[in-house]
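**Q** Each residue of the sequence shown is one higher than the one before, counting from 15 in our numbering.
Think of the hints as simulated: they come from the structure by calculation, not from any bench.
On a predicted model such as this, the values are computed, not experimentally measured, just so you know.
Any given hint could turn out to be false.
Stated by the list, open to error - Straight-line C-alpha distance at most 25 angstroms; calculated BS3-like pairs for lysine-lysine:
no., residue 1, residue 2
1, 96, 110
2, 95, 107
3, 64, 110
4, 64, 96
5, 110, 95
6, 107, 96
7, 95, 64
8, 64, 107
Stated by the list, open to error - Label pairs and their calculated CB-CB ranges:
no., residue 1, residue 2, range
9, 105, 154, 31 to 39 angstroms
10, 101, 46, 25 to 33 angstroms
11, 32, 149, 28 to 36 angstroms
12, 47, 72, 16 to 24 angstroms
13, 27, 92, 26 to 34 angstroms
The C-beta atom is built at its ideal place from N, Cα and C for all residues, glycine as well.
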Amino acid sequence: MNEPLLTAVDLQAYIDSCGITARLIDDVGHTPTVPAAAAALGVEPDQIVKTLLFLLDLRRSAEDEPQPLVVISNGESRVDKKLLAQRYSVGAKRVKLAPPETVLRLLGYAAGGVPPFGHRSDVPVIVDASLLPLRQQYGGRIYAGGGDDRTMMELTVDELLRVVRPEIVAVSEAEQTP
């Protein structure tokens, strides 16, 4: 049996039940890109964060499933699969962005509106180190997916770190040294 899609209503219930300091912003409009989301919210593009699901092929046998991993990074940065591969001591070809149906199955939300927490499955989380300087900018305020493609969530970097308890790793291309 397929579980139903989680919604912004489910996310709000999670926020309320866990005492999370975050605010959902409904009807932000069509925001297919980071600049569009920033413009709709009236904020800077580097305040937008994205929640991505990767699959790591750490299998020791053919029966093992790929390991899911949530990566939360700056919306304008590109997550470097080579850096993720290095962190997990595998080749870069063993790190893949999860297809939308896997995102939906494991996290419960459709790609494009995935929040950084409140997921259907308990999946390890990495926060890209590029988010840490935002603690001192914009009052620490960032904006993430709010459960669907028309809802955003406002919260602080410190609250994000408190709630998801991530491993912090430099995984964006912007974090690489030349």
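**Q** All hints, please: hold or fail.
**A** Outcome of the hint check:
no., hint, result
1, 96 with 110, "10 angstroms, holds"
2, 95 with 107, "8 angstroms, holds"
3, 64 with 110, "16 angstroms, holds"
4, 64 with 96, "19 angstroms, holds"
5, 110 with 95, "8 angstroms, holds"
6, 107 with 96, "8 angstroms, holds"
7, 95 with 64, "15 angstroms, holds"
8, 64 with 107, "22 angstroms, holds"
9, 105 with 154: 31 to 39 angstroms, "37 angstroms, holds"
10, 101 with 46: 25 to 33 angstroms, "29 angstroms, holds"
11, 32 with 149: 28 to 36 angstroms, "21 angstroms, violated"
12, 47 with 72: 16 to 24 angstroms, "32 angstroms, violated"
13, 27 with 92: 26 to 34 angstroms, "33 angstroms, holds"
The earlier numbered hints that this structure contradicts are 11 and 12.
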